[in-house]
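J.: Given next are the chains, with one letter for each unit.
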Amino acid sequence: MSFARTSALDRIGTGTFTLVILCVLSFLYVPIVILVVFSFNDSSSLTWPLGGFTWGWYEKLFSNRDLLRAIGNSFYVATFATILTLLVGVPAAFALDRLDFVGKRVFRRLVLLPLVLPGIITGISMLNLFKLMGIGLSLETVVLGHATALISIVVTQVYARLQRLNRRLEEAAADLGAKPWETMFLVVLPNIKSALIGSALLSFTLSFDEIPVTFFLTGRDNTLPMYIWSTMRRGITPEINAVGTLIVLASLLLIVVSVILLRDEQER
Amino acid sequence: MFAGQASPVLPVGRRWSRDRLLRNLVLGTPLVWAVVFMFIPYLIIFTYSFWLKKYPTFVPAFQFGNYAQLFADPQYYQVLLRTAKIALAVSLSSLLLAYPFAYYLVFILKSPRLRLMLYMAVIAPLWVSYLLRAYIWKTILGNEGVINSFLVYVGILDRPTDIFLYNQFSMVLTLTYIFIPFMVMPIYTALEKIPRNLIEASKDLGVGPLGTLFKVIVPLSLPGIFAGMTFAFCLTFGDFVAPFLVGGPDGVMVANVITSQYGAALNWPLGSALAIVMLIIVLGIIELSDRVERAGRINLA
Amino acid sequence: MLPLREGREPATALSNSSLLSSYQAPGHTDMSKIVEIDGVSKIYGGSVVAVDDLTLAIKEGEFVTLLGPSGCGKTTLLRMLAGFESPDRGIIRLAGEDVTSRPPYRRDVNMVFQDYALFPHLSVAKNVAFGLERQRLDRTEIGRRVADALSLVGLADKAERRPHELSGGQRQRVALARAIVRRPKVLLLDEPLSALDANLREAMQVELKHLHEKLGLTFVMVTHDQTEALVMSDRIVLMKDGRIAQMGEPAELYNRPASPYVASFIGTTNLLPVEVRSVADGRAVVALGGRNLELPAPAGLVAGHAALLGIRPEKLRLETDGTVGACQISVAVEEGLFHGNAVRLRCLGEDGSVLLVDLQLSQSSIAVPARGSRLQLSCDPTDLYLFAGDDR
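Those sequence lines, one after another, are chains F, B and E.
Mapping the first sequence onto the UniProt record's numbering, position 116 (from 1) lands on 116, and the numbers just tick up by one.
Mapping the second sequence onto the UniProt record's numbering, position 234 (from 1) lands on 234, and the numbers just tick up by one.
Mapping the third sequence onto the UniProt record's numbering, position 180 (from 1) lands on 180, and the numbers just tick up by one.
Hint data in this document are derived by calculation from the structure and do not stem from the laboratory.
Some hints here could point you the wrong way.
Said to hold, decoys possible - In the EDC-like style, the derived pairs of lysine to aspartate or glutamate whose C-alpha atoms are separated by at most 16 Å in a straight line are:
| # | chain 1 | residue 1 | chain 2 | residue 2 |
| --- | --- | --- | --- | --- |
| 1 | E | Lys209 | E | Asp234 |
| 2 | F | Lys179 | E | Glu60 |
| 3 | E | Lys185 | E | Glu62 |
| 4 | E | Lys315 | E | Asp234 |
| 5 | B | Lys138 | F | Glu239 |
| 6 | F | Lys179 | E | Asp98 |
| 7 | E | Lys214 | E | Glu60 |
| 8 | E | Lys315 | E | Asp358 |
| 9 | E | Lys126 | E | Glu141 |
| 10 | E | Lys185 | E | Asp53 |
| 11 | E | Lys126 | F | Glu239 |
| 12 | E | Lys33 | E | Glu97 |
Every value quoted in this text rests on a predicted model; they were computed, and no experiment measured them.
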């Protein structure tokens, strides 16, 4: 009897769970489906019922010069911000992992702070700095802002990987005659490749998508999210859905790429 | 004159200086960056927060008027309270959705492939534009949005209603949607770390499934819960996008106020004071959750 | 050459390789000092003395083992030879050159790491080639020497594999090939066999010893396993608390231990407390089993004080024919452990001290003594050694 009861309970439990999972998944994905569907909808409002199918919004999008320039700007910002985060974040991760120095605790806190620090604070604090130094706002100040906000991403991922890296590998390299820079480029960096690629991709995506820091630090040039932001504050149009659909596609592509690039590492 | 003396030690000396150069580069670059772009800017905000507003600009001073204003003027402290309330609501609702999901993945799902796929499915939206995710809800909940037009189309409503958008509900919904992945990740990790034999042991000792859940699994996954709550709370507390897109007058948050003080109101000292308060609250939450987590870890050991 | 099966047929693996001839150093018979460690100390954190004023010279072509329990400083000493640690005091010379402050990449020594430390992102061949590429040798030379080294360790067919695709024993061989391919002046081995299972370890002990003989290289190995040290080394340096407790050929350490520490670390030794009756002219008289024994006296022995008398379990014999030997001990059997070819008896002496006795069963017609039975043991006085103090 008690068997029957538990199995019935189990079944109810499993059923409830499946329902919860389906709810969460549809909560996450139905809105994205709606976004995509309305980008092909032949109506200028996002209302039910659906009209006919059209490529019109995409055509409009590709003839929108402001939008295309914003996309270009976003690529520019994200690329250089990513390069900077790597140039600063990788040494920072090494310093945290390898070196002992005065104020290391403060340094760690400071560098990792933007992980949870609202972007608006990074934005206004750097705005203050640039104003004080008399530096005009431009895409370059945005690059600096993004890099500052995203270094923490690189540091956490690279640091975690360095902690797992076998220090004997570096000793072995030195033992076999590799000078420190050879050890770095021939042994250490290849072995933390996955963390470097992973954090670079993440930095790029987050920079491409960034609003609060950009909001305070950009001059006259718009990045893609800033452009969408200003458009959607004026009102919503299916053209944004079309851009959004393309962004979703690009994100999917990026996920696939990173899974493929990082698979090599997981096989080990 | 000293050449003969110096040459035998030259290789050693050169190696040392090169090592030191490498070390300085590794440490110096991020250190200089952190000081110039983080420490000094925070210091500037901190300084500004004591300055005095004198229209149309502001002058150096040392006074607590800005802080006093924040805690005396209901316009400001109510925004702080509301932001905290929304942040708490977002953390709790994402916890309620994320915990069963992570639990299902770790303990009920048998196939590791399916587990990985579902995990990826929850994490994937993180890669999709944050702005877009907030925008979608604007199009769904709006007066001319998908839900309204559907309800009118079906005949449940005569005309569109405003109750869905521009209020605290739409804020919590949108932000929960955005931050769920941040909640699932740490909880999943924490649940995965729980040794299966502990659960077997609990069942062996005659503890029922609910007892096992609340006496064994939940306490052991507390570090994950705290990490997720911290993320959701802090990210919501400083959120910039959602209040502008889906929050109406009822959904004004700290970020809106800071922005307007830095923009239209041109009161940088007050904006800075608010930013400092926000910084302190966020740091306090992190410190608190750090301590709780550390205490939890000691208990486990 | 046939691919070598894990750890078996060591002779095939090490046969006619062209590398061998090049390794036959001209100075193989010249016993010049290749490593000189002169008064070296290493102190960690200002107070923990890992190596304490240690002086040691290693001859060219020697197989020296640094033996001792964990924390005795053997690994630190090896790492100072490699250049991973620098001594706080003292000088290290390699082939007459002072290398004390030279970084590892400028020392002509190579190391086999305990966990092998193979580069996971490189193939086996690339791992072995790594050191040669750092020497900027030309490609054909590198290719030839890598192929030679791999066939020497029997892994010629695994050249393109990644380390994670190999078994533990195979990785060990790659680590070995990678270290010897540079023809270092000294090959350092840090617990090279500890990660292998028991069978493989035994086979590799023999194989490594053969490799040493064929290459004529100087080997310095660190181990905590005394059997390994006894089997493989030309000379054992037994360490304790950062100092040398005793060094010498394996048989010397086994047969003439300098102290109770050495006697009990290498093999098993019964150490019996005895009273010193008198000391004179380098001879001492001690009381054992109610009889006086005259033995060579170690330095520091004082009449009237207690001393320790050491005897190996296998040197004790059963007194079967009633004849009275030079020294006798009567004991009661407490427990007998059957080892197949031998039996180890745990006995209690009349004064309550525990005595282990190994009896070879193949040569002895007697049965395993029953528990509680009383035995009369005898031994040769030359198998006894007397220690003035206890340093265990």
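J.: Look at each hint and say if it fits the structure.
T.: Now for the hints, and whether the structure bears them out:
1. E:Lys209 with E:Asp234: holds, 10 Å
2. F:Lys179 with E:Glu60: violated, 27 Å
3. E:Lys185 with E:Glu62: holds, 11 Å
4. E:Lys315 with E:Asp234: Measuring from Cα to Cα gives roughly 24 Å; hence the hint is violated.
5. B:Lys138 with F:Glu239: holds, 15 Å
6. F:Lys179 with E:Asp98: Violated: lysine 179 of chain F and aspartate 98 of chain E sit about 20 Å apart, past 16 Å.
7. E:Lys214 with E:Glu60: holds, 14 Å
8. E:Lys315 with E:Asp358: Roughly 8 Å separates the two Cα atoms, so the pair holds.
9. E:Lys126 with E:Glu141: holds, 14 Å
10. E:Lys185 with E:Asp53: violated, 24 Å
11. E:Lys126 with F:Glu239: violated, 54 Å
12. E:Lys33 with E:Glu97: holds, 11 Å
Checked against the numbered hints given earlier, the structure breaks hints 2, 4, 6, 10 and 11 and satisfies all the rest.
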